[in-house]
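Chains as they are written, first to last, in the working numbering: chain A, 1 to 311; chain B, 1 to 365.
Watch out, some of these pointers could steer you wrong.
If the Cβ cut is set under 7 Å, some of the chain B residues that face chain A in the computed set are [unchecked claim]:
#	residue
1	D204
2	A209
3	H231
4	L233
5	V235
6	F261
7	P277
8	L286
9	S292
10	A361
No wet-lab data here; the hints were simulated from the structure.
Heads up, the beta-carbon is just placed ideally off N, CA and C, and yes, glycines get one too.
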Amino acid sequence: MSEKKLLLKVEGLKQYFPVGRKKVTKAVDGISFEIYEGETYGLVGESGSGKSTTGRSIIRLYEPTGGKIIFDGHDISGKLSKEDERYLRTNMAMIFQDPMACLNPRKKVKQIIAEGLEIHGLCKSQEEIDQKVNDVLDKVGLSREQATRFPHQFSGGQRQRVGIARALVMNPKLVIADECISALDVSIQAQVVNLMKDIQDEMGTTYLFIAHDLSMVKYISDRIGVMHLGHIVETGTTDEIFANPIHPYTKSLLSAIPHPNPIVEKQRKAITYNKDEEGVDYTAGHEHVLTETHRVLATDEEFARWSGQAA
Amino acid sequence: MAKVKRDKNERVLSIRDLSISFKTNFGVVKAIRGVRLDLFQGETIAIVGESGSGKSVTVKTMMGILDSNGVIDSGSIVYTCKEKDGTINKYDLVKMSQKDIRYKLCGKHIAMVFQDPMTSLDPTMQIGKQIMEPILEHENVPKSEAAARALALLDEVGITEPEKCFRQYPHELSGGMRQRVVIAIALACDPDILICDEPTTALDVTIQAKILEKIKEIQTKKNISVIYITHDLGVVAKVADYVAVMYAGRIVEKGKINEVFYDPRHPYTWGLLSSMPDIDTDSHRLFAIPGSPPNLMEEIVGDAFAPRNPYALNIDYREAPPMYDVGGQHRVASWLCDPHAPKVELPEELKVRIAKMKKEAGIDE
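Just chain B, with the same shape it has in the complex:
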């Protein structure tokens, strides 16, 4: 497969053939089954999928916070980082111990924003102190400087009265403010990679838009790479440059956002796009993907999506599809993209919707 460089930028993270399983009392759960993904400097990628598709597990591994019963079966996650003095270091996160990842990389180079801002803040600690904590931990700076930086960060994430907020406790803030504080903590040590695990699901739509715009603004200013984990395609459309759709521990479709949204190829992506409520259409029934995700405890033969897929071919039940290159950076794991496969048309409703989306966006067919 010819490698197309997405931008002239450098690759900061490359995941290759990652497989992770969890040992439970009831058997082994194969949560991740061969994931390959790249992240470039300054880029935003979004990992989309249902709960249980393995998106959170993937990023937890990067942070070294995989649950204790998790085992990395194979693969590598290579993180390339530029130190402040200009030397370039490569770390294979799979070979490092969790402790090492936490001491050397977490916070400093890779930072994470969690879903629920209330549970990720310490309720007994003042906001300012919580932001200073990572700075004092990772960098050898006096307290006064850390405090000054914390104040600047609060201002940067859009908190109107940083001095007042500095001395407040988490319970005194609203949900949106708390999430801003969490983002400030994540940004405290100027990380290269910011991982946002469903950063806005716990928030209202109005605040969600503001937070997303803020993250984007900071990203362009600091040129950091962002990984979003979400199941909301609206959020993806707003922020991402590159999308990876995950299903049952595998990436089923990935590509530039425009490639995936305007020319989806995998039936699962079709289903996801169709089930998004669209405020402009007048249809009175939502499309729903039938059935529910497979149980990863059992060995999956063939394509994991086949039982829920109305377009499934015979081979889907026997063999898992390889990644097909469908042009540009668009890759799809579906037998439908095989040259021998019968031609399958997009569902009518989705076709209409995509045509309308293209018209709105001003793209000609």
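For reference, chain A alone in the conformation it holds in the complex:
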């Protein structure tokens, strides 16, 4: 791990939203993780766990309440200088969940993809823009004729390819994929995931892959962070999380994955996890280090109990 170059470091990131006059929702409450160059970091959790908020705070769609985000040597938390903002916008891109809602219906696919290049003035001539758009279309498996169509003329899988093309055209270092396959059919999901893997092999892109489907995350991620209620409760390499889950929430998530095996599946019951019943207080816990990469958020007593169960 250590020889790899650190690309993104998130330290104690907090994202609070005011609700009404006095209340505050702590969507993300002090999380820390790091992403190395060329890897895929999967962020999983149920809805409301703050995984999407984390992604959006990193790309600065929100103003983070506290904490530090270091992206490739640039501090992108707090107020952004013009330079840093430009660096952030051109080197980090996002793929959104709903491929229909995130594409402007009145623009042609080509215009949608080229928009980033035009705004940042990255190309000197129209030919250069065309060239780049055509290259990226080839990469995501769309034909050049399709570039003159509108988003509504595409199927769901193709639209998501347009979304990916738009994210990749700037040749970003980090791509944040926010539930980018949840809205697609199973057979199309596989196509999109394979495409993302191929692009990574070819271009060395780094992904922050946000999803609630653990089985897909297993396929694509090198390391996984499990989020619950604004905290990362467990993080580790994919093998560590799947082979040796410590935190009860991780265990319940793993047990909830349906297996396509009727006889086994009919008898299996998912493990339930209730934070209050277990008496777990995330703010009281601190990180326990199991291996260099595997960390669990727990108090000493909880850690002893959970790791005892696992053994």
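For this one, chain A is given, so just place chain B on it according to the hints.
Frame of chain A; chain B shown alone:
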């Protein structure tokens, strides 16, 4: 074809040669092209397929909520229902007007749970009232009794504080709770058939498991028949007794769940099973079915799956395959099952996976 009765139970629904098309500005879309399916009392069937394969259209017809530009070209859907007084009535849903279906059958005998729990609840109405609504509409009972039943239903679907929930509004509940409420409404009049249209796609995995277990529990208790519509084979494996795989408006493979999952015969089913991510395998590439579903606006010659099928035979491009009986209740619409067809082996990866699944399940080859 010899008829094998699936169970000793009675048949509640039988669909025969159903064809439905939609008239649009761009031409006629043939959404359903000859579907035949049976549903028996107390059984769970799952209809699996991609979006656009016609699974939702099939059940919408049963509920009488087919879009206004939809036309039923041919076929019948016969629903056999036992009234409370013991008389047996048969309805052909195709011949009934949509209005009639809605007045006589919907809610009372056939109920549906929709995909998105937020859009299927009325945001301006208290939960309790929404559950009482179908009871008051269909049965001649006093309000107090309806309220009592609504409370009991809330308890039954696993809501911890039914009294509190009774007075809440949909926006105050979480996604899982809302879906439970929707299920409670569907169950309000003790239906014979419960249709679940992707009931858990909008929910998280942890909640999904709970909801599915709940539906199953209620089903066994009340002995109702359930139709699941889904594209998630994991969900199918968990709940279904019988599976029908749909592709481009046709059923390409159907059979008991064990027959289809442990001995799939249609290349499309192979593709679906292979593209499921399996948490136990270490392969770093997912199998993907190449291409995309056909445009149903155009006339389909031969097998609709042929262009995406690496095992396609010449005849696949000329003539649509008939349903082959491959033993038990397993039926497959693929020329590969013809006695004259060349022998095609399962893809290697799938073979390994099925062997492993069988081992886990304790079945010997």
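How the hints compare with the structure:
1. For D204 (chain B), the shortest C-beta to C-beta distance to chain A is roughly 4 Å, which falls under 7 Å, so the interface hint holds.
2. Hint on A209 (chain B) holds. Least Cβ distance to chain A is approximately 4 Å, under the 7 Å limit.
3. Taking 7 Å as the C-beta cut-off, the interface hint given for H231 (chain B) holds, the closest approach to chain A being about 5 Å.
4. For L233 (chain B), the interface hint holds, since its Cβ comes within 7 Å of a Cβ in chain A; the closest pair sits about 4 Å apart.
5. For the restraint placing V235 (chain B) at the interface with chain A, the shortest Cβ-Cβ distance is roughly 6 Å, inside the 7 Å limit, so the hint holds.
6. For F261 (chain B), the interface hint holds, the least distance from its beta-carbon to any beta-carbon of chain A being 5 Å, beneath 7 Å.
7. Because the closest C-beta pair between P277 (chain B) and chain A is about 4 Å apart, less than 7 Å, the hint holds.
8. Annotation: interface hint on L286 (chain B) holds; nearest CB of chain A at approximately 4 Å, less than 7 Å.
9. Hint status for S292 (chain B) relative to chain A: holds, with the closest Cβ pair at about 6 Å, below 7 Å.
10. The interface hint given for A361 (chain B) holds, since its Cβ lies 4 Å from the closest Cβ of chain A, which is under the 7 Å cut-off.
Of the numbered hints stated above, none is contradicted by the structure.
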